[in-house]
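Novice: Listed below are the residues making up each chain.
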Amino acid sequence: MIDFLQILTGGLLVGATYALIALGFSLVYRVTGVINLVQGAFCVVAALTAWTFETQLGWPALPAALGAVVATTLIGTAAGMLTFVPGLTRLSNANMLMLTAGLLTLAEGAILVTWGSQPYALQPFTGDQPLNIGGILVPTQGLWVLGTALVIILGLWYLLSRTFLGQALRACAENPVAARLMGIDVRRMAIFAFGLAAAIGAVAGVVVAPTTSLEFDSGRLFTFFGFIAVAIGGIGSFPGSIVGGVLLGVLQQVATAYVSSLFSSAIALFLLLIILVLKPSGLISGGVQRRQDVREETRVAAHITRLTPKTARIGGVLIAALTLAVPAFVHSEAILSSLVIAGILFIALIGLDVVMGYAGQVNLGQAGFMAVGGYAAGYIVTQYDWVPSLVAIAAGILLAIAASIVLSLVTMRLRGLYLALATMSFGLLVDAFTVGLIDITGGPSGLVGIPSLSVGSYSFDTPQQMYYLVAILDILLVLLFYGAMRTGFGRALQSIRTDQMASAALGINVKGIKVLALAISAALGALSGGLYAFFFHFLSPEMVGEQESLSLVAMLVLGGEGTLVGPVLGSIILTLMPTLFQPLAIYKTFASGLLLVLCFLFMPQGLFGLGMQWLNRLQRRRSSHGGARQRLSKEGSST
Amino acid sequence: MSGIALAAHGLNRAFGGLKATSDVSFEVPEGTITALIGPNGAGKTTVFNLITNIFPPQSGSVSLFGSDLSGWSPNRIAAAGLIRTFQSARVFPGLTVLENVLTGRHRLLKSGILASMLRLPGARAEERRLTERAEKLLDLIGLANHRDTHATELPMGSQKLLEVIRALMAAPKVLLLDEPAAGLNDSETAELAAMLVAIRQSGITVLIVEHNMSLVMNVADQVVVLEAGKVIATGTPASVQADPRVIAAYLGTTEDA
Chain S
1 MIDFLQILTG GLLVGATYAL IALGFSLVYR VTGVINLVQG AFCVVAALTA WTFETQLGWP
61 ALPAALGAVV ATTLIGTAAG MLTFVPGLTR LSNANMLMLT AGLLTLAEGA ILVTWGSQPY
121 ALQPFTGDQP LNIGGILVPT QGLWVLGTAL VIILGLWYLL SRTFLGQALR ACAENPVAAR
181 LMGIDVRRMA IFAFGLAAAI GAVAGVVVAP TTSLEFDSGR LFTFFGFIAV AIGGIGSFPG
241 SIVGGVLLGV LQQVATAYVS SLFSSAIALF LLLIILVLKP SGLISGGVQR RQDVREETRV
301 AAHITRLTPK TARIGGVLIA ALTLAVPAFV HSEAILSSLV IAGILFIALI GLDVVMGYAG
361 QVNLGQAGFM AVGGYAAGYI VTQYDWVPSL VAIAAGILLA IAASIVLSLV TMRLRGLYLA
421 LATMSFGLLV DAFTVGLIDI TGGPSGLVGI PSLSVGSYSF DTPQQMYYLV AILDILLVLL
481 FYGAMRTGFG RALQSIRTDQ MASAALGINV KGIKVLALAI SAALGALSGG LYAFFFHFLS
541 PEMVGEQESL SLVAMLVLGG EGTLVGPVLG SIILTLMPTL FQPLAIYKTF ASGLLLVLCF
601 LFMPQGLFGL GMQWLNRLQR RRSSHGGARQ RLSKEGSST
Chain Y
1001 MSGIALAAHG LNRAFGGLKA TSDVSFEVPE GTITALIGPN GAGKTTVFNL ITNIFPPQSG
1061 SVSLFGSDLS GWSPNRIAAA GLIRTFQSAR VFPGLTVLEN VLTGRHRLLK SGILASMLRL
1121 PGARAEERRL TERAEKLLDL IGLANHRDTH ATELPMGSQK LLEVIRALMA APKVLLLDEP
1181 AAGLNDSETA ELAAMLVAIR QSGITVLIVE HNMSLVMNVA DQVVVLEAGK VIATGTPASV
1241 QADPRVIAAY LGTTEDA
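Quick mapping for you: the protein sequence lines, in order, are chains S and Y. Taking the working numbering, I'd label the letters of the first sequence as residues 1 to 639. Taking the working numbering, I'd label the letters of the second sequence as residues 1001 to 1257.
Misleading hints may appear alongside valid ones.
With beta-carbon atoms standing in for the labels, derived distance ranges [stated by the list, open to error]:
#1 313(S) / 1121(Y): 13 to 21 Å
#2 1136(Y) / 175(S): 21 to 29 Å
#3 511(S) / 1114(Y): 50 to 58 Å
#4 1122(Y) / 501(S): 26 to 34 Å
#5 1144(Y) / 619(S): 18 to 26 Å
#6 1238(Y) / 310(S): 56 to 64 Å
#7 1230(Y) / 613(S): 50 to 58 Å
#8 1121(Y) / 622(S): 31 to 39 Å
#9 1071(Y) / 154(S): 45 to 53 Å
#10 1183(Y) / 316(S): 16 to 24 Å
#11 1058(Y) / 405(S): 40 to 48 Å
#12 582(S) / 1121(Y): 45 to 53 Å
Negatives, chain S to chain Y, calculated, CB over 12 Å [to be verified]:
#13 54
#14 63
#15 121
#16 125
#17 132
#18 151
#19 168
#20 308
#21 432
#22 471
#23 494
#24 587
#25 607
Note that these hints are calculated values from the structure, not bench results. This structure is a prediction, so every number in the text was calculated from the model and none was measured. Ideal placement from N, C-alpha and C gives every residue a C-beta, glycine not left out.
With the hints as constraints, model all of the structure from the sequences given.
Specialist: Structure, rendered in structure tokens:
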């Protein structure tokens, strides 16, 4: 009994942390309608800043914590003013979600650059001697966590329900347009909400840090569990955030104690999926409904550019020839290997483009499908060496398609951003399994001993051989999907992207097409993952982890969504950069986050889209010159 | 032309305490143009949404050529040949004018994704055929020269006509048009009237919600008048125009009647 109460107490303490992060989510969501994924990063930034103040500057624990909260709040508010708030008026909700995913990556990159990748631990505020309350041991830091959570919850409640500022914030949540007409500065309210959320996250970070250890990418876990808490409780509902957080914390501790700590996040995800299916709006509905099922927006309309068929044909042949000629010029093994990786990732990106660029459905778990395909293929060939490579890859693809169909069926009833979150949960679930199922995946150290890819007796051993294989595969896939995207299937995908109701009214099977699009994405992801495993002869969880999913999205957006070939630019740039500038490799996460944010804000059409626009303009100018000359010569002949 | 193409039987739907429709019943004879008219807020668009099951009726049912549509998804209803347009033009942004029209045909495409990936001769021939047909339809509304324009860059009137063309491309048996003339200028309205007559001639049954009375009186074979969610009159345009209840409810207060 005491044991159980001890576990329950632990759960309550963890739950209080989750609740605090969930409150930050709900606050920003209520005012702006956006799920702000960067929330968890505030905790880590604040905690590590406090560590610096303590150990580098020699400050005592409490002043260091307070200083760190102030600093993080200022940084967070500034980041919100520069990126998040300007995006609100330009981007759809789904793209805002991606923008915050970019911000999260950016923050992780910045933390990595500043503090490195080692774990940190902070001193407890009031010693590490736990209190004994009726036989239950409670660390004093736990009381700090609980007390802080209570103070923040009460303070937030007072602010929102008892002050004019709170009323204004709520008005922005209910109806931003009407709020603006009433003279409320919606922009300032958004900045205020973002800054306040940063402050709450920072406070949570500094009080929690002594109870755990933090690394550069711990922010993702905070975001992830805080988000699950908020989704369980009901997005936008403050009581829901608290209930969700505590429930999740307790459940996790119980699961860790009685099942296994490796699967505690998997159990949390199952809980989330069950609640999402049974009660999609969460346990306590926030009452704020925003339309988020489409990525319909001005930027989609603005960035479609079509090349004339002739230009596309000539360009395609030129690029294909150039691609195949590369090994003749590039002799550096390292660069050629990077190009092979870029080409393999491009396969996953084609799938991601189908589902995100064309069908407008957010997929934040593409690397999860890579993992399914890669680990399945790798496991099969290492266990049964008589199975041909291609059969193993095909098995991985089938498994990924099956996973995508299950995921589609589970999320079928969900609308809006839930697909984004379901795919992200899927990615994280796969993460948990790749680390946890040591017998199959080799655990954190990875799956080793994967042979080279071979077809019959021919084996692709060198980067050159792999390069030709991948290049030809890429070209074939682009040709196939070019055919599909410019005819019926592609049009149906794009109609769904912008208006699902109108699509259904024309007899388009919206659900069926979404399932198909995700299955295609999963299949290409798995193919890519399989090739990855064969090329590296090795597969480890972080190669195909959630970070890679976000990095794939960055490549897609940088290259150009909905352009089919554009993403290859993104994958080449982001893969080659660390190879070309070795000392800068540590900046890779930072750079991909920064690029994602900048692209969403300033270059939504991507590099390829930009190039196409430029080409089209050039062509138009030339043809109008020609027209003018013709008219002149006609006039000349008539006089 | 005999049978009943579309029939509503006692449709009821309330939003909170507001009864949007109560016991709405009417029949649309095959091969006719039936107009659904009524003052603002009478429940016309609600009736459309109930028919196409955008939201289900709380009681009552809809039948299309005798088969009950209860519980059918909007795309299944469309696949049965009942195609609708929306009150505010809903062209697909991100697609060109031609692509918008072609999208209308999607449910009838024969060549699947694999055929179009591999560019099989059948798929290419089908695409060519459809493009020709779409261009002919675009020619009808004078947009043939704008086929590669982004659909959302067209003026509102053209977007509404484009939506009608897109619906036609879906080869409807019954076509539901929600205020197609709203936002159209006089010459566009005349084009629309001519098009409606041509649509009827080609054997397509039309149910139209419209505020433009001269258009309704010119082209409709039958008029159903809704007021406050109830059907108050059904008949030929002339008989409805003469109905004192209709005059009281609607035409009497409308200047252009």
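Novice: Each hint should be assessed against the structure and marked as holding or not.
Specialist: Tested hints:
For residue 313(S) and residue 1121(Y), the Cβ-Cβ distance of about 19 Å falls inside the hinted range of 13 to 21 Å, so the restraint holds. Between residue 1136(Y) and residue 175(S) the Cβ separation comes to about 46 Å, which falls outside the hinted range of 21 to 29 Å. Under the hint 50 to 58 Å, the C-beta atoms of residue 511(S) and residue 1114(Y), about 20 Å apart, miss the expected range. Separation of residue 1122(Y) from residue 501(S) is about 31 Å and conforms to the stated range, judged on CB atoms against 26 to 34 Å.
A hinted range of 18 to 26 Å holds for the C-beta pair residue 1144(Y) and residue 619(S), which are about 22 Å apart. At about 58 Å, the beta-carbon gap between residue 1238(Y) and residue 310(S) stays in the expected band of 56 to 64 Å. The supplied range of 50 to 58 Å is met by residue 1230(Y) and residue 613(S), whose beta-carbon atoms lie about 55 Å from each other. Between residue 1121(Y) and residue 622(S) the beta carbons are some 34 Å apart, a value that agrees with the proposed interval 31 to 39 Å.
Range check, residue 1071(Y) to residue 154(S): Cβ separation about 49 Å, and the 45 to 53 Å hint holds. Range check, residue 1183(Y) to residue 316(S): about 41 Å between beta-carbon atoms, so the 16 to 24 Å window is missed. Checked against the hint of 40 to 48 Å, the pair residue 1058(Y) and residue 405(S) fails, with Cβ atoms roughly 34 Å apart. Take residue 582(S) and residue 1121(Y): their Cβ atoms lie about 52 Å apart, and the range 45 to 53 Å holds.
Chain Y leaves residue 54(S) outside its interface by the beta-carbon criterion, the shortest separation being 53 Å against a cut-off of 12 Å. Non-interface call for residue 63(S) relative to chain Y: holds, since the shortest CB-CB distance, roughly 54 Å, exceeds 12 Å. Under the 12 Å C-beta cut-off, the non-interface status given to residue 121(S) relative to chain Y holds; the minimum distance is some 50 Å. For residue 125(S), the shortest C-beta to C-beta distance to chain Y comes to about 52 Å, beyond the 12 Å cut-off, and the non-interface label holds.
Listed as a non-interface residue, residue 132(S) keeps its Cβ farther than 12 Å from every Cβ of chain Y; the least gap is roughly 56 Å. Against the 12 Å criterion, residue 151(S) stays outside the reach of chain Y, whose nearest CB is about 40 Å from its own CB. Distance check on residue 168(S): its Cβ is at least 28 Å (rounded) from any Cβ of chain Y, clearing the 12 Å threshold; non-interface status holds. Consistency note on residue 308(S): stated as away from chain Y, yet its beta-carbon is not over 12 Å from all of that chain's, at 9 Å minimum.
Once the 12 Å rule is applied to beta carbons, residue 432(S) is consistent with being away from chain Y; the minimum gap is 34 Å. At the 12 Å boundary, the C-beta of residue 471(S) stays outside the reach of chain Y, the nearest C-beta of that chain being 19 Å off. A beta-carbon of chain Y comes within 12 Å of the beta-carbon of residue 494(S); the shortest separation is about 6 Å. Against chain Y, the non-interface label of residue 587(S) holds: every CB pair exceeds 12 Å, the least being about 35 Å.
No Cβ of chain Y comes within 12 Å of the Cβ of residue 607(S); the nearest lies about 19 Å off, and the non-interface call holds.
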